[in-house]
Structures are given as C-alpha cells and as structure tokens.
Amino acid sequence: MEAKPSSNLSSKFVDQVVVPGDVILDLSSMANQTIKLGGGLRQDGDSISVMKAGTLRFTKPNKYWVESSHKRYVPCAGDNVLGVVVDTKPENFLVDIRGPALAFLPVLAFEGGTRRNIPKFEVGTLLYVRVVNANTGMNPELSCMDASGKAAEYGVLKEGYMFESSTGLSRMLLSSPPYPVLEALGKKLSFEIAVGINGCFWVNASQSSTVILVGNAIQKSESLSMVQQKIYLEKLLKSIQ
Amino acid sequence: MEQRLANSLIMTVNEKKFIETALLSDLRVDGRRPFDYRKLSISFGREDGSSEVQLGNTRVMGFVTGQLVQPYRDRPNEGTLAIYTEFSPMADPSFEAGRPGESAIELGRIVDRGLRESRAVDTESLCVISGKSVWAIRIDLHIIDNGGNLVDASNVAALAALSTFRRPECTLGENGQEVIVHPPEAREPLPLIIHHLPVAVTFAFIGKENVVVIDPTHHEEAVMGGSMTATLNTNGDVCAIQKAGGEGVLQSVIMQCLRIASVKAGDITSKIKSAVESYNTERSLRKIKRHNPSPAGYKH
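Going down the list, the sequences are from chains W and Y. With the working numbering, letter number 160 in the first sequence gets 160, and the count goes up by one each step, no holes. With the working numbering, letter number 245 in the second sequence gets 245, and the count goes up by one each step, no holes.
Hints may contain errors.
[What the hints assert, rightly or not] Anything over 10 Å on all C-beta distances counts as not near chain W; from chain Y, calculated:
| # | residue |
| --- | --- |
| 1 | Val13 |
| 2 | Gly31 |
| 3 | Tyr84 |
| 4 | Ala136 |
| 5 | Gly207 |
| 6 | Ile288 |
[Said to hold, decoys possible] Simulated crosslink set (DSS-like; lysine-lysine; CA at most 30 Å straight-line):
| # | chain 1 | residue 1 | chain 2 | residue 2 |
| --- | --- | --- | --- | --- |
| 7 | W | Lys71 | Y | Lys243 |
| 8 | Y | Lys17 | W | Lys71 |
| 9 | Y | Lys264 | W | Lys220 |
| 10 | W | Lys220 | Y | Lys39 |
| 11 | Y | Lys271 | W | Lys187 |
| 12 | Y | Lys208 | W | Lys235 |
| 13 | Y | Lys16 | W | Lys188 |
| 14 | W | Lys120 | Y | Lys16 |
| 15 | Y | Lys243 | W | Lys158 |
| 16 | W | Lys120 | Y | Lys208 |
| 17 | Y | Lys39 | Y | Lys243 |
| 18 | Y | Lys39 | W | Lys238 |
| 19 | W | Lys36 | W | Lys63 |
| 20 | W | Lys89 | Y | Lys16 |
| 21 | Y | Lys17 | W | Lys89 |
| 22 | W | Lys158 | Y | Lys17 |
| 23 | Y | Lys271 | W | Lys220 |
| 24 | Y | Lys243 | W | Lys235 |
None of these hints come from the bench; they were simulated from the model. Every residue, glycine too, gets a C-beta built ideally from N, C-alpha and C.
So here's chain W without its partners, still in its complex pose (with noise of 0.2 Å):
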C-alpha cells in the first residue's frame, strides 16, 4: 500500500472487516482534500464512522465505502439498478428498487424528455435505471440517463426473466476482470444480461432454455469456491451439447 501522508487513520481499515462505530478518518488531520464517501459511511462533524458492517474499500483517488452482501439493498447515490414501476404520478414514476422505500423516477429523467413526450410505463414495467440521490429517511431519486445527460443503456428491459441474487453477487458479476462463470458461458452461449447492484440481473437470451440455465447457474455459483465453479460450470456446459 503507497503512504499516503495524510490518510494514516484510513490505511489502517482498508480491506479489513469494519463494524458500525468504527472511526475510520479523521477529517481535522487532513485540510484541503475531498473524500467522496460512498455506502455504509457516514460524516460525524470531524470523524467518517461506519454504519454498515462490512469490508472497507479504497479507490484512488479518494473514494471511501463499505462493501457487504445482503438479500436487501439500501440504495446509495450513483448505484445501478433494475426497478419495477409500480404506479405512475403527474410527476414522477413510483420505481420498485427492493430497498426500504420506493423511489421516484422524475418524468422528465429521460433523454431528450419534455412535457410532451412522456413515456408511458404499465405496472410492471422492468427498468434499468441509476440512483441520483438516496438521502436517509427520504425516498430515493432515480434518472434514465446517466450523468451528462445521454441515455447510455438505461431505459426498459423487454423480454427476458430478472433473477434475484444477493449485493454481493451482483458485484462479483459487474466487476473487472469478469467473473469466470460470465465468461464461460458467454463462450458457448449467447445471450444478454444487465446487472443491478440492488441485488438482482436480468438475462436475455433468443431461447428460453438458454435463459434459465444462464439464470440458474450464476445464481448457483454464488456459494461455490473457484474450482468448484469450474467443474460445475463444465459439466453444465457439456450436458447441453
């Protein structure tokens, strides 16, 4: 690990299990430098504590969180994830991100979005969307287009089947270098997924055979090891030749 001549406090928690309480910075040995905090982490006037147990990361530049998995998700600003659209107001859609609340989704979050072209979403309408805000005790703010303003992929999902997984999976799964099991079978088969770090993906794919084995088996690899991954994911494959 580089010294970092002004964050001693935070060399000594990153990587390590961090409880809620832990003091991880301390904002009045350090002047001048913006941290960005990102889940899990709070501000206490001087100090950065912990809210969320859990592994302490680090990117550089300055980038703080805490990394656990859960079946549920607490939303965090800048996270990507599939939603459901569960009712429709003048204002806003009422998104589903299997968190503790519902979330907003302005009508306007769209690319290219005015008053005249609002698009019309039935219940049940699977969304890939990205968290803007998500202040404690307030529903969080969803948009469809990303940061400047473009549409990126965000938008509807049509066809498909979302499966559920844990946080921890759905970031195993949008991590780099790619997860094995994705590689493996994006070799043999083909097919498309859209990752949610809310804990769910969407996989679509030409035959519905194709879906549910791809479902099935990242769901499956979750609780086994790296070699136990491999010889799952052989024989799988072999069994659909």
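Here the structure of chain W is known, so what remains is to put chain Y in place on it, guided by the hints.
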C-alpha cells in the same frame, strides 16, 4: 415517505410472459420440468413431535403437543385434533403478525381436512375416561420462509411431527375416576396410532392454455390462474380435494392431476417414513446411553 407496497410480490411483465412462454416448451424457471417436485428434506428437533421441513426455499416447522381435556358432548369417546397455523412475518413481506389472514386459515383448513375427514389419526385411542378425560392433540405449524407451495410443506411437517409425537402414558387411579399421568422418565411415552399418511399435492394452472405444474414456486404462484390441492394416501384413497377459485378446469385434467398426485404421494410418504424411522432409531440409541451399565460385568 412512501412505503413499499408490502402486500404483494411485485412481478414484472417480463417475468409473467417468460414463465408462460417457457412453459410452452415444458421448462420452468428453476430448471424443473412441469411435474417435478423440489427437494424435500425433513428433520426433527430433540423433542418428540417437532419437525422442520424444507421444500426448496419453503421452510415450515411443525410442533405437536397434547393435553388432557373434557371431550365434546356428542363425542365422549374420542380425542380431538386441532391445527393452528402461524404465518411468521419473516417468511414474506405480506405476512403480518397477529390474527391469521385468509390464506393462513385456508391452509389450516386444508391440512385439517386431510387429517380429520380421512381419520388418519385414531382418535378413539386418545380416550382415557369416556365422557370425562380425553387427549386433545394440538398441531402448530409455523411458516418460516415462503418460497411457494406452503400447503404441501405444511402438510408434510404436520405428518412428520405427528409420526414422532409421543404422549405420556396414563393409568386410572384406584377408584377409576382419577387419571394418573406418568412422566416420561417413569414410563415410556406412547406414539399416536396413525392409520395412514394423507399427503397433499398442489397443482398450479398457468397461462391461457392452463398448463399444469406441480409444486409452484413463489413466482409461479403470483402468475397462476388457479390452483388445486389433492390430498391422497398410498392406499389409493383420495382424502380431500381443494380448488378455491381461479380458472375453470376440465374434468379430464383433474383426473390426470389425481393420477400424478398418487405417484408423488407415494414418493413423499416413503420419504416421511424413512425420516421418521431414522429419528426413532436415533431416539432409542439415545435412550440406551442414558442407562448406566450394570455393575455385574458389562463387557464390550
């Protein structure tokens, strides 16, 4: 603050369409075929009459207890059987603590009808003093996790718990009016007399063509048009059928379902019996360890 709509599973339109499309090629979302059951595992607690059943993601615990009570006036020679269900809020977001809701009561009724109408448990042997004192057997079913098909899992939990329950032995006092209940240390408790095991098998009808699937998962239950539960035993008797609302079903489909159900009932009955047997073996082994070896040369 808008709360989640906790009362129903929020299904996407994609899921509903996918489940129906996949069923047209005989595929289910968890990889099963339409007439495959999920993995059933039965385990027991240390006490007699407590069971835990896991059917896929669905978990149910059953507890059987007995008490001496006055019999009903019109049935002075018979003991009573009562079923209580508790849908724990940790099983599903739509379950609320407190009074049982409609589905909880329906589940209790299905299990109750399967046991009572078919006379699976011999109630006359539960009579101690006619007209005065009989055993009242109470079955408590706790739903711990709802992964779909609670009826079948609860039924197996009730049967497993009943098969391992033992009631204390009781004898009449000197004047023939008093009942002496012997503690388990003094006299070995007695098992219930169970004539047969009525097993419930649930079918779901999904989609416009009413494709039949057995043992629906939580998601399949949310998209199904109707469901039917058939309770049968291995002797070929149909103990009960429950079809509460939903799509109409052809008579030929019902007969096909009953045929499939009798095959599945055989599988499940043999699983219950082997689990109960291994529990009883383990129980008797435990008793052997309790006794001290006799001082007069107990040699290995």
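Hints, one by one, checked against the model:
Residue-level check failed: Y/Val13 sits 4 Å from the nearest beta carbon of chain W, not beyond 10 Å. For Y/Gly31, the requirement that its beta carbon stay farther than 10 Å from each beta carbon of chain W is not met, with the minimum near 5 Å. No beta-carbon of chain W comes within 10 Å of the beta-carbon of Y/Tyr84; the shortest separation is about 29 Å. For Y/Ala136, the shortest C-beta to C-beta distance to chain W comes to about 40 Å, beyond the 10 Å cut-off, and the non-interface label holds.
Non-interface status of Y/Gly207 relative to chain W is upheld: no Cβ of that chain comes within 10 Å, the nearest being about 13 Å off. Non-interface call for Y/Ile288 relative to chain W: holds, since the shortest CB-CB distance, roughly 38 Å, exceeds 10 Å. Between W/Lys71 and Y/Lys243 the alpha-carbon distance is near 34 Å, which puts this suggested pair outside the 30 Å criterion. Restraint check for Y/Lys17 and W/Lys71: satisfied, since their Cα atoms lie roughly 25 Å apart, inside the 30 Å limit.
Of the supplied pair hints, the one linking Y/Lys264 and W/Lys220 holds, its CA atoms being roughly 26 Å apart against a limit of 30 Å. A hinted pair counts as satisfied when its Cα atoms are at most 30 Å apart, and W/Lys220 with Y/Lys39 qualifies at roughly 15 Å. Only pairs whose Cα atoms come within 30 Å are accepted, and Y/Lys271 paired with W/Lys187 is rejected, the gap being roughly 41 Å. Distance restraint check for Y/Lys208 and W/Lys235: the Cα-Cα separation of roughly 36 Å exceeds the 30 Å cut-off, and the hinted pair is therefore not satisfied.
With a CA separation close to 27 Å, the supplied pair Y/Lys16 and W/Lys188 stays within the 30 Å bound. Only pairs whose Cα atoms come within 30 Å are accepted, and W/Lys120 paired with Y/Lys16 is accepted, the gap being roughly 19 Å. The suggested pairing of Y/Lys243 with W/Lys158 is violated, with an alpha-carbon distance near 34 Å, which exceeds 30 Å. Distance restraint check for W/Lys120 and Y/Lys208: the Cα-Cα separation of roughly 26 Å lies within the 30 Å cut-off, and the hinted pair is therefore satisfied.
Only pairs whose Cα atoms come within 30 Å are accepted, and Y/Lys39 paired with Y/Lys243 is accepted, the gap being roughly 25 Å. Between Y/Lys39 and W/Lys238 the CA atoms are separated by roughly 24 Å; this keeps the pair inside 30 Å, and the hint holds. With a C-alpha separation of about 5 Å, the suggested pair W/Lys36 and W/Lys63 falls inside the 30 Å cut-off, and the hint holds. For the suggested pair W/Lys89 and Y/Lys16, the alpha carbons sit about 24 Å apart, so the restraint of at most 30 Å is met.
For a cut-off of 30 Å, the pair hint linking Y/Lys17 to W/Lys89 stands: about 25 Å separates their Cα positions. This hinted pair checks out: W/Lys158 and Y/Lys17 have alpha carbons roughly 10 Å apart, not beyond 30 Å. Proposed proximity of Y/Lys271 and W/Lys220 is supported: the alpha carbons are some 25 Å apart, at most 30 Å. Annotation: proposed proximity of Y/Lys243 to W/Lys235 is violated, straight-line Cα distance about 41 Å (limit 30 Å).
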